[in-house]
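S.K.: Residues in the sequence shown are numbered consecutively from 1, following the UniProt record's numbering.
Hints listed in this document are in silico derivations from the structure and should not be mistaken for laboratory results.
Incorrect hints may appear among the rest.
[Unchecked claim] Derived lysine-lysine pairs resembling PhoX-like cross-links, with alpha carbons at most 20 Å apart: (1) K101 to K88; (2) K88 to K78; (3) K88 to K5.
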Amino acid sequence: MGLEKTTRMNYLFDFYQELLTPKQRSYMMLYYLDDHSLGEIAEEYNITRQAVYDNIRRTEAMLEEYEAKLQLFEKFQKRQQLVSSFEKQPFTEERVRELIKQLKEWD
1 MGLEKTTRMN YLFDFYQELL TPKQRSYMML YYLDDHSLGE IAEEYNITRQ AVYDNIRRTE
61 AMLEEYEAKL QLFEKFQKRQ QLVSSFEKQP FTEERVRELI KQLKEWD
């Protein structure tokens, strides 16, 4: 699994974990945050490795669906980019107006 996917899943999990069941949250935390293998999770829950794999893949798909509808992560990334660009350039009245306009468009 690539670092980019892991990072994305961690962010999506942070934004949408409250929409998941306790079991889904637990599997995702063990797999993505605690870096447990499928086998380790399966052993802990006394289920098959395939069952863990299937549950994680379904949960990943759910997180992607939530993001497609709510776009919390995308808006977060845009705000981070905007803050970064403002930190690199001086504040002018025009730049502040531009920031306000962009923020209004995103919400």
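S.K.: Between K88 and K78, is the straight-line Cα distance small enough, at 20 Å or below?
M.R.: With Cα atoms ~16 Å apart, K88 and K78 stay inside 20 Å; holds.
S.K.: For the pair we were handed, K88 and K5, check the Cα-Cα distance against 20 Å.
M.R.: It is violated: about 28 Å lies between the C-alpha atoms, which goes past 20 Å.
S.K.: Against the 20 Å threshold, does the CA-CA distance of K101 and K88 hold or violate the hint?
M.R.: Holds. K101 to K88 sits at ~19 Å (cutoff 20 Å).
Comparing the model with each numbered hint stated earlier shows that hint 3 is the single one that does not hold.
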